[in-house]
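> Can you make the complete structure from the sequences, with help from the hints?
The sequence shown begins at 55 in my numbering and counts up one residue at a time.
Simulated from the structure, these hints should not be mistaken for lab results.
A quick note: this is a predicted structure, and the numbers were derived from the prediction, not measured.
Each residue gets a CB set at the ideal place from its N, CA and C atoms; glycine is no exception.
One or more hints might be untrue.
As the list claims (entries may be wrong) - With beta-carbon atoms standing in for the labels, derived distance ranges:
| hint | residue 1 | residue 2 | range |
| --- | --- | --- | --- |
| 1 | A92 | R164 | 17 to 27 Å |
| 2 | K202 | A255 | 44 to 54 Å |
| 3 | L299 | L58 | 52 to 62 Å |
| 4 | L303 | T57 | 53 to 63 Å |
| 5 | D132 | P308 | 42 to 52 Å |
| 6 | R204 | L58 | 46 to 56 Å |
| 7 | S223 | L401 | 33 to 43 Å |
| 8 | L181 | T57 | 43 to 53 Å |
| 9 | S323 | L205 | 27 to 37 Å |
| 10 | W185 | A92 | 38 to 48 Å |
| 11 | P215 | P102 | 53 to 63 Å |
| 12 | A113 | G408 | 18 to 28 Å |
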Amino acid sequence: MLTLARAADRSLLALLPLLMLALMTSITAVGVLTALLALAGLARLGDPALRARQRVPLAAPLAAFVAATLASVAAAPDPLDALYQSKHLLSLILFLAAVNGFRSGDAIRRALAWFTGAVVLASCWALAQTWVCTTAVDVPGWLTWALKVRLERCRQPSIEPFRAKGFFSIYMTLGGSLVVALALHFAALALGTRRHAWKLAPPAGLAFVALGLTYVRNAWLGLGAALGTLVLLSRRVSLILPLALGVTLALVLPTPLRGKLLTIVDLASPSATERLYFWGSGLRMVEDAPLLGLGPGGVRRSYPAYKHPDARRPGTSHLHNNLVQIAAERGLLGLAAWLWIWVAFVLRASRIYGALPPARADDRALVAGSLAAVVGFLTAGLFEYNFGDSEVVSLVWVVMAFPFVVAGGAGELPFGGAAKTLAP
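Below is the structure:
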């Protein structure tokens with residue numbers, strides 16, 4: 055039993071880098087690796103020593119959210135369907151696996167080298183997709199198959215530009231994932247030691263361009279919030295320069311980016327009015343089921359009954375806002391628990407960041423990147439239900455583990471007791 059437990063513990067170090075690679079390339083691989091990590095995590099508990107070292111940061115808010123979700127499942131009109139729609143809770147396995155599988159900041163950085171390679175590959179894929187779909191050059195069929203594009207669709211004249219999606223099924227997912235990646239990369243560039251940071255400049259540049267080619271405005275806003283967070287943590291205003299330069303070029307040059315940027319502040323645009331209709335429908339759902347909501351998947355089941363008469367879409371599964379969606383499906387109890395997770399994380403991660411000494415610059419960069427990634431994710435979630443995007447939220451759960459890894463057990467101590475455990 056002890057031999058199996060220790061082998062399972064060692065396997066986490068091999069599985070986590072593979073997970074970081076898969077998070078940008080294959081949701082199928084992420085599912086397989088999640089199952090393997092869950093099995094390894096259970097098996098390692100057979101060793102009393104490993105069991106004693108098992109950590110569950112944010113245990114109270116996470117447990118509260120799971121409990122609120124299951125309560126809303128029980129109260130839903132179709133509990134079986136609601137239970138199935140709660141499958142996203144399984145991604146919490148990745149948070150626990152990362153917290154207990156990574157041994158140190160160095161282990162995280164080794165895994166992030168794989169992640170950076172995947173980000174470069176996905177960004178190049180996005181650039182290739184855009185080129186193929188916006189040129190008249192004949193390309194072989196095998197290339198369009200590999201790039202996951204259909205020329206008969208993407209080359210058709212449209213008021214909407216082609217939106218790169220990388221290896222994902224939709225551009226929204228690529229945009230959300232790149233926000234997290236860029237938060238980590240810019241944190242390393244701003245706060246990390248030069249021997250690590252300089253290698254990340256080219257991948258960050260590629261990812262920045264690829265993010266623009268998704269035309270996902272909520273992701274652009276999320277990146278702005280992430281960079282703002284890094285400015286506050288590092289006190290380096292120069293971090294805003296890449297975003298400012300990108301916005302300036304997009305507004306000056308005659309490209310589709312200009313139109314997309316201008317619609318961000320246009321409340322009369324069709325996408326803005328549709329979101330307002332969605333949010334109004336969600337608030338009416340909350341009025342009808344304030345405590346436990348309609349149950350997971352309830353928006354998809356019930357939206358036609360709450361649809362605004364002027365809304366264009368006859369049905370939807372999400373309301374383009376994390377707060378409204380969670381309140382509608384899990385009630386105000388679920389929303390309170392969900393908010394508790396993020397408030398607790400920001401407070402604990404900020405405390406860990408402040409306690410890390412300057413000599414641990416690369417670890418400080420990991421914590422800052424984690425905080426920036428979460429802020430970017432939550433900001434984008436004000437205009438998109440990205441908590442329901444399994445690829446993006448899986449990546450966020452993994453990145454949220456970084457502060458607790460570099461702090462050892464400090465993230466679980468009461469306020470005021472962390473500094474001694476953080477000495478280099």
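> It remains to establish, for every hint, whether it holds in the given structure.
A quick look at each hint next to the structure:
Under the hint 17 to 27 Å, the C-beta atoms of A92 and R164, about 22 Å apart, fit the expected range. The hint said 44 to 54 Å for the Cβ distance between K202 and A255, and at roughly 28 Å that hint is violated. Between L299 and L58 the beta carbons are some 54 Å apart, a value that agrees with the proposed interval 52 to 62 Å. For the hinted restraint 53 to 63 Å between L303 and T57, the CB-CB distance of approximately 59 Å keeps it satisfied.
At about 51 Å, the CB distance of D132 to P308 agrees with the hint of 42 to 52 Å. Under the hint 46 to 56 Å, the C-beta atoms of R204 and L58, about 48 Å apart, fit the expected range. Restraint check, S223 to L401: a C-beta distance of roughly 35 Å satisfies the suggested window 33 to 43 Å. Range check, L181 to T57: about 48 Å between beta-carbon atoms, so the 43 to 53 Å window is met.
One distance hint, 27 to 37 Å for the beta-carbon pair S323 and L205, holds here, with the actual separation near 29 Å. Between W185 and A92 the C-beta distance comes to about 40 Å, which sits within the given range of 38 to 48 Å. Between P215 and P102, the C-beta spacing of about 58 Å keeps the proposed range 53 to 63 Å intact. For A113 paired with G408, a C-beta distance near 22 Å keeps the hint of 18 to 28 Å intact.
The structure does not agree with numbered hint 2 stated previously, though it agrees with all others.
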